[in-house]
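Undergrad: Chains as they are written, first to last, in our numbering: chain A, 316 to 652; chain V, 30 to 391.
Don't read these hints as lab results, they were simulated from the structure.
For each residue, glycine too, the CB sits at the ideal point set by N, CA and C.
Among the hints, a few may not be true.
[Stated by the list, open to error] Facing chain A, according to a computed beta carbon distance under 10 Å, are these residues of chain V, among others:
id, residue
1, N79
2, K129
3, L264
4, N270
5, T328
6, S329
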Amino acid sequence: MNDAILTTHNLTIGYKTSRKNVRCVASDISVSLQAGELVCLLGPNGVGKSTLLRSLAGMQPPIAGEVRLLGENIYHLQPQELAKRLSLVLTEKVDVGMLSAYTLVTLGRYPYTDWWGNLTPEDEAIVHWAIKSVGAVHLAQRQLSELSDGERQKIMIARALAQSPIVMLLDEPTAFLDLPRRVEIMLLLRQLARETNQAILLSTHDLDLALRLADKVWLLSTNGILHIGAPEDLVLSGAFADTFESEGVEFDVASGEFQLHTSHRGEINVMGEGIASVWTIRALKRAGFQVNQKKNGLPISVEVITKSKQVLWQITNSQSVYTHHSLYEMIKFLDRF
Amino acid sequence: MLSEKYKFKTDLLNQKTPVFKSIIFLIILISLILVFLLDLALGSVDIPVNEVIKILLGQEPEKVTWTHIILKFRLPKALTATLAGAALGVSGLQMQTLFKNPLAGPFVLGISSGASLGVALVVLTASATTPTLLADLGIIGDFGLVIAASLGAASVLGIMLVVSRRVQDTMTLLILGLLFGYATSAIVSILLQFSSKERIQSYIMWTFGSFAGVTWKQLVVLIPVILLSLLGAVLQSKSLNALLLGESYARSLGLTVQKTRFSIITSASILAGSITAFCGPIAFLGVAIPHLCRSLFNTSDHRILIPSVTMMGAILALFADLFSQVLVSQMVLPLNAVTALIGTPVVTWVILRRNSKKSFPS
Chain A
316 MNDAILTTHN LTIGYKTSRK NVRCVASDIS VSLQAGELVC LLGPNGVGKS TLLRSLAGMQ
376 PPIAGEVRLL GENIYHLQPQ ELAKRLSLVL TEKVDVGMLS AYTLVTLGRY PYTDWWGNLT
436 PEDEAIVHWA IKSVGAVHLA QRQLSELSDG ERQKIMIARA LAQSPIVMLL DEPTAFLDLP
496 RRVEIMLLLR QLARETNQAI LLSTHDLDLA LRLADKVWLL STNGILHIGA PEDLVLSGAF
556 ADTFESEGVE FDVASGEFQL HTSHRGEINV MGEGIASVWT IRALKRAGFQ VNQKKNGLPI
616 SVEVITKSKQ VLWQITNSQS VYTHHSLYEM IKFLDRF
Chain V
30 MLSEKYKFKT DLLNQKTPVF KSIIFLIILI SLILVFLLDL ALGSVDIPVN EVIKILLGQE
90 PEKVTWTHII LKFRLPKALT ATLAGAALGV SGLQMQTLFK NPLAGPFVLG ISSGASLGVA
150 LVVLTASATT PTLLADLGII GDFGLVIAAS LGAASVLGIM LVVSRRVQDT MTLLILGLLF
210 GYATSAIVSI LLQFSSKERI QSYIMWTFGS FAGVTWKQLV VLIPVILLSL LGAVLQSKSL
270 NALLLGESYA RSLGLTVQKT RFSIITSASI LAGSITAFCG PIAFLGVAIP HLCRSLFNTS
330 DHRILIPSVT MMGAILALFA DLFSQVLVSQ MVLPLNAVTA LIGTPVVTWV ILRRNSKKSF
390 PS
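Please put together the full structure from these sequences, using the hints given.
TA: What follows is the structure, given as structure tokens:
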């Protein structure tokens, strides 16, 4: 635990619902963030991920316990001192009016600049470095309002980087992005953690990506317990399955994916190879069939025939043979059985 | 001490040369001087500009009466217009940034409502209770109204400052300001019901707004108050820029939001309140000028906006003053009508321009 940057001791988090009532979200959290690590905070909706992040960021005083940044209680630090060590990327979409991406990133130097916000050559160099690190050099002169969600998120990350923090907290940084952009941002964050030796903690709903990329996962479950470990540790311990257990969805320990419970409609035999048959199996599973690739003699079998870029599906049941030109057609046909 | 990883240069990252912005600043400054001189030169008696300059430099003009006209009437009026435009513009800018609302203006917190109520109370009720005291309307026209309006504006300011320390959410403040405005206009209309025609008229005259009523004696108070508050706004530039990101981000950058909000509301309210007290509630300038400057300089950076809003505000206010007396000879138009006529096209243009930009991203 030598590289621990941010540590919590018996932290109890929550918020006041009225003057007297306090709603406790999670209690007795003792964790630490290590330098150079990418940690993903996972958990079902409404479990208190944002509350935990806000408490760690010094924005929401905890009910009990403390948060220490390099040994100092963050709620005792001057706001400016805290800003030099810890930076944030929030879910809210900012509307800054008319600012270029470059100017927005320079705002990251806020805790370091003089009263007028003048940038020293060093500040400028750090801003340039931050923009380059997120691969947004070509965006620098554009107005922020003209950028797409993914580009804007990169700029917000660059702004957080320009703060030269030792801890960066991100609240669902990939929420509005499509899959390639999500992968890009997550890879970027992991790379940044390595290169800058910062600790990066982000909350996300992207389980699949978190399992593949996180060095460590914090899994906040509905009963307020925070499970900690390598992604694989938490899969093996069953914490994932327990936390996300709900009707109709099941965490498949073997594949590390969520499976939908669908009604069972009998077994089907699939013959064929290649990509086409992989997706045929998925389509059949989606329709509720159990797929068997070896056993012959099942009442229905599907043969995937690939002919020079064209794919055909031949369904054989006891009496007759039907040919289909698309999976959609085939599933519709099976539905009528 | 620059560490190795920061050492590189990228041409793409170098900011565009600020020459363009400097040129606009220069043009604005020259226009300000020109409009100021024009405002001194034109009026019921037209005085040549070179004679105006002579008078300002303390030399003897062709006609001795001109010195009197300029120094006694036109110079205080032009100075008032300059201060008013600058103050209302900057105050509007501060409110727009604080509330993150493009339609916010200097009066969103109910400053003008408070001032109106103060004036209405003096003008409309005094007649009934102490008819002799205010028999001479000159008293009302001079310091009486100013004091009433100042008290009205100051008490709203006081209430808002107390509330702003208690209320966490900035939006709540905005709504409270609006509600306060409705309540005061209700009280004013009830007062109007019970007042005589002459009283109502002098109240209405005040609501038209005017730069002409301010004397040198009052300017001695007004000038330092406005200049100090403008200085306060300049000092807030950096915080205002951080607030563009929203309060959560601003706080994460080390800004103490409550304290900053308090100082912004204080300076914006003093700017708007003192101008309203001396000139009446002048509409539209405060909303329009920040928009005009944003699209002129293509930025929301307050370090550029505050100086430019100060100057553009002065220009537009002087222009409105010129317009109100030159358009119809021998008559002075209500200032508020003129500012609205100038302000509406500006705001319309800005909104339409912004919309077309948004719908066709480059």
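Undergrad: Tell me the hint numbers this structure goes against, listed in increasing order.
TA: Result: hint 1 breaks, nothing else.
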